[in-house]
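Fit chain B to the given chain A structure using the hints.
Chains as they are written, first to last, in our numbering: chain A, 1 to 718; chain B, 1001 to 1196.
Some clues are possibly wrong.
In the PhoX-like style, the derived pairs of lysine-lysine whose C-alpha atoms are separated by at most 20 Å in a straight line are [stated by the list, open to error]:
{"no.": "1", "chain 1": "A", "residue 1": "Lys-544", "chain 2": "A", "residue 2": "Lys-664"}
{"no.": "2", "chain 1": "A", "residue 1": "Lys-526", "chain 2": "A", "residue 2": "Lys-674"}
{"no.": "3", "chain 1": "A", "residue 1": "Lys-433", "chain 2": "B", "residue 2": "Lys-1173"}
{"no.": "4", "chain 1": "A", "residue 1": "Lys-532", "chain 2": "A", "residue 2": "Lys-514"}
{"no.": "5", "chain 1": "B", "residue 1": "Lys-1030", "chain 2": "B", "residue 2": "Lys-1072"}
{"no.": "6", "chain 1": "A", "residue 1": "Lys-396", "chain 2": "B", "residue 2": "Lys-1106"}
{"no.": "7", "chain 1": "A", "residue 1": "Lys-394", "chain 2": "B", "residue 2": "Lys-1173"}
{"no.": "8", "chain 1": "A", "residue 1": "Lys-433", "chain 2": "A", "residue 2": "Lys-396"}
{"no.": "9", "chain 1": "A", "residue 1": "Lys-608", "chain 2": "A", "residue 2": "Lys-664"}
Quick look at which bits of chain B chain A covers, simulated, 3 or more residues with Cβ under 8 Å [claimed, not checked]:
{"no.": "10", "segment": "1044-1056"}
{"no.": "11", "segment": "1116-1123"}
Covered stretches of chain A (chain B as the covering partner; in silico rule of three or more C-beta atoms under 8 Å from a C-beta of chain B) [what the hints assert, rightly or not]:
{"no.": "12", "segment": "89-102"}
{"no.": "13", "segment": "422-435"}
No wet-lab data here; the hints were simulated from the structure. All C-beta atoms, glycine included, are put in the ideal place defined by N, C-alpha and C.
Each chain is listed here by its residues.
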Amino acid sequence: MAVYSFHGGIHPPENKLQSTQTPLVDAPLPKHLVIPVLQHIGMAADPVVSVGDTVLKGQVIAEPVGRISTAIHAPSSGRVIDISQQPVPHASGLEAECIIIETDGEERWIEHAGLADYKQLAPNSLIDFIRSKGIAGMGGAGFPTDVKLHLGDDHIVNTLIINAAECEPYITSDDMLMRTSAEAIVGGIEIIAHLLKPHHIIIGIEDNKPEAIAALKAAMESSRLEIDLQVVPTKYPSGGERQLIQLLTNIEVPSGQIPADVGIVCQNVGTAAAIHRAVTTGEPLISRIVTLTGAALQQPQNLHTLLGTPFSTLLEFAGVDHDKLSKLVMGGPMMGVPVTSPHIPVIKTTNCIIATTSEEMPPPPPAQACIRCGMCEQACPAQLLPQQLYWFSKGKEFDKARQHNLFDCIECGACAYVCPSNIPLVQYYRFAKSEIRNEEMEQRRADHARARFEARQARLEREAAEKAEKRKQRAIEAAAAQAARKKEQERAAAKAAESGTQTADAEANIKALKVAAAVARTKLSKAEKALKNARDKGLEGIDKLEATVTDLSTKADQAQAAYDKAQAASSQPTSRTSEPASNTNSVANSDAECEAKQDKPVDLKGLKQQVSIMRTKLKKANAANANPAEIEELETRLSAAQAELTAAEQQQIDRAAAEGIDLKQLKIDAALAKAAVTKAERAAKAAETDEERLTLESELPPKRETAEKLAAQLARFE
Amino acid sequence: MDSVLTAIFVLLALALVFGLILGYASVRFKVEGNPIVDQIDAILPQTQCGQCGHPGCRPYAQAIASGEAINKCPPGGQATIDQLAELLNVESIPLDAEHGSEDVRKVAYIREDECIGCTKCIQACPVDAILGAAKQMHTVIVSECTGCDLCVEPCPVDCIDMIPVGTTIGNWKWPAPPSPMQIIATDRSTPSEETA
Chain A
1 MAVYSFHGGI
11 HPPENKLQST
21 QTPLVDAPLP
31 KHLVIPVLQH
41 IGMAADPVVS
51 VGDTVLKGQV
61 IAEPVGRIST
71 AIHAPSSGRV
81 IDISQQPVPH
91 ASGLEAECII
101 IETDGEERWI
111 EHAGLADYKQ
121 LAPNSLIDFI
131 RSKGIAGMGG
141 AGFPTDVKLH
151 LGDDHIVNTL
161 IINAAECEPY
171 ITSDDMLMRT
181 SAEAIVGGIE
191 IIAHLLKPHH
201 IIIGIEDNKP
211 EAIAALKAAM
221 ESSRLEIDLQ
231 VVPTKYPSGG
241 ERQLIQLLTN
251 IEVPSGQIPA
261 DVGIVCQNVG
271 TAAAIHRAVT
281 TGEPLISRIV
291 TLTGAALQQP
301 QNLHTLLGTP
311 FSTLLEFAGV
321 DHDKLSKLVM
331 GGPMMGVPVT
341 SPHIPVIKTT
351 NCIIATTSEE
361 MPPPPPAQAC
371 IRCGMCEQAC
381 PAQLLPQQLY
391 WFSKGKEFDK
401 ARQHNLFDCI
411 ECGACAYVCP
421 SNIPLVQYYR
431 FAKSEIRNEE
441 MEQRRADHAR
451 ARFEARQARL
461 EREAAEKAEK
471 RKQRAIEAAA
481 AQAARKKEQE
491 RAAAKAAESG
501 TQTADAEANI
511 KALKVAAAVA
521 RTKLSKAEKA
531 LKNARDKGLE
541 GIDKLEATVT
551 DLSTKADQAQ
561 AAYDKAQAAS
571 SQPTSRTSEP
581 ASNTNSVANS
591 DAECEAKQDK
601 PVDLKGLKQQ
611 VSIMRTKLKK
621 ANAANANPAE
631 IEELETRLSA
641 AQAELTAAEQ
651 QQIDRAAAEG
661 IDLKQLKIDA
671 ALAKAAVTKA
681 ERAAKAAETD
691 EERLTLESEL
701 PPKRETAEKL
711 AAQLARFE
Chain B
1001 MDSVLTAIFV
1011 LLALALVFGL
1021 ILGYASVRFK
1031 VEGNPIVDQI
1041 DAILPQTQCG
1051 QCGHPGCRPY
1061 AQAIASGEAI
1071 NKCPPGGQAT
1081 IDQLAELLNV
1091 ESIPLDAEHG
1101 SEDVRKVAYI
1111 REDECIGCTK
1121 CIQACPVDAI
1131 LGAAKQMHTV
1141 IVSECTGCDL
1151 CVEPCPVDCI
1161 DMIPVGTTIG
1171 NWKWPAPPSP
1181 MQIIATDRST
1191 PSEETA
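So here's chain A without its partners, still in its complex pose:
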């Protein structure tokens, strides 16, 4: 099997020997364990213990939330004393939620058991078992392992690569793990292989770990699996997932895809060992090997450390010289981040702590201008153009940076290492990446808000429409109810008219007659007054008024006579009962006679309405394209109604003319008089002085009288 190569890469001083001189020992148990609920990529776990609870070693203290998440277990027995914000291992130096356990030193385990034969279990149950043990990638990113083990479900996995390269200087934790627990690693590989069923298993390891290679070879002999142990030349960053894949298989994982898309799954040796321990013994992931190194330590070494142990405990154990310590780095010198607080705890992904002196890692010299030498491009293992990315990031042209595949950058630091101008290139890329991510987050948030806003608008509109619809419905119902009531009334009236013989009706008639007589009297007196007034003022149309007065007096007499007659009839109940028909008839007759002129105008109004209704009906029928016969019928009815109306109008005019009154002229006169009154009133109101107002007001009554008179006259005909 050949070893291939990847583009670029660098050869920084290894500095790995310092920490491999002493055997692996257990770190001391600290008084307090600080366990962040987020130790992996994905959603933070949700604490399931509360302050004051007593926990046993290996007990679940936080449950995974969502698909990409892991459980967190108590690394030792003790009592939960706080759940609060504490500094966590993160580049930001910010605080995050942590569970703090006060250890009791007893290390009492919770009841746990491994699987007797994992091969008997369904793959999904086995993966769930591994998930319940809180295992996340131990290589550095901390991706929940169970998700990776599920990759066989929707991908064809040909090759399983076990990453044992550990290429970054100083770090030796995987090296020590392989030296001490090669059997566990091979056992873990067997479990992974059982789940993913790859055709080919390769362990990739750098040639600077001969002891680990020997240990692995020995362990592999007892395995029934065909495992290739591939020793690769030491070059940074051969431990990068994509770089190792290219080294071992010469396959380049396409940009924006994961190795599983090309049939490869990568797992770290630490993860394999953790899976093996979880499956065989049932112990969850509560500890790991951490490299303690750096010139500020008297005894650089690897420590088997419980998760949650503060850095300070480990540093003290390794004999830190506080005077010489200048910088504390978490991770390796290339990709690690400096930390400020020594109380930050070890988490699932903490592989190395470097306590450096100022001689060992001097502060970076000041960055100078880019001279476009192109050395960064030569060093880039992802075959990007670091120089271009630098310009775009610096100029905040994030779109262009993105087009130049910024997100394929693994932030290995090779470009910054070779830069002769000491430009902190990785910082620029990290800045640009987080700006772009932030922008995307904002965009998502904006889209979400837009969707919600639009949904709300739609809801409001719908509600308004529904309300309007309801209102309309109510109006229709009300109209229908009114129509029904009217009909009812009409029916009742018709009934009443039919049964005219009833006493109640007769009495009602008498009442009506009385009213009619009174009205006629009032009209007469008004007309007389007007006549007198006209005579006094010598106005025109006296003769007309005289005629009116005569007419009215006749009518008043008639009304009075009808009333008297009715009264007399009703006061003689015997006669009424004996001859009810004639009695009522005569009443009706006299009523008809005296009210003839009042009745006509009512008819006129009705006729007018009828004509307009007819017209509308016809129009509608025309618009609706009703059949011709219907339209014709409507037309005839309309013309008949019109003829009736014209006849009635003519009759009215004739009647007025018979009394010597020009109806048209009367109408105009009435309107004019009314207008004069209004005008005078307005003038009086607007008058500035009291005197003026008084004069104006004194002029008002006669004007009003004229108007009333004319209106009264007109009312007779309308």
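Just chain B now, kept in the frame of chain A:
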């Protein structure tokens, strides 16, 4: 004469054919509404706060499309103005202070002890981010709140606070690297020069 007529007929025929094609295309590929409004709306931050003087982001997008100034959106800030300027190919201008100033992102917080359950804030919220019912305590769904401020004004008991969203590990950003040292002495600017 013949050649002239031929030319006229050929041109007429061409004009007719292209006219038909154009006519068909204008019907077939008709664009409903103004597409630029959607593009502008996509850039605006969707807080629906109304600080621009329009009842929401989309109305402002429509106003911008018909010529209104692009610098009336304080929540979006200069970044939004720059993006709008680029989209519309106009000069980028500073934020109009009349409509407010750029501020950190905030979310509304209801002091629940003081809430009387009047539902006025619920009616004011443009994104339905407030949960509650009449005479029941209300609360803000933080993940939905756009920080638009519109609920603060209608509250009769003033129990709504706008709390700045703090930096957490989830939204922390890598800081920009410090600008390179000025190596040439004359390029250096001392504080005294800057203030002068």
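Against the structure, the hints come out as follows:
| no. | hint | in the structure |
| --- | --- | --- |
| 1 | Lys-544/A with Lys-664/A | 14 Å, holds |
| 2 | Lys-526/A with Lys-674/A | 17 Å, holds |
| 3 | Lys-433/A with Lys-1173/B | 9 Å, holds |
| 4 | Lys-532/A with Lys-514/A | 27 Å, violated |
| 5 | Lys-1030/B with Lys-1072/B | 32 Å, violated |
| 6 | Lys-396/A with Lys-1106/B | 25 Å, violated |
| 7 | Lys-394/A with Lys-1173/B | 15 Å, holds |
| 8 | Lys-433/A with Lys-396/A | 11 Å, holds |
| 9 | Lys-608/A with Lys-664/A | 18 Å, holds |
| 10 | 1044-1056 | holds (count 6) |
| 11 | 1116-1123 | violated (count 0) |
| 12 | 89-102 | holds (count 5) |
| 13 | 422-435 | holds (count 9) |
The structure is inconsistent with the numbered hints 4, 5, 6 and 11, although it conforms to all the rest.
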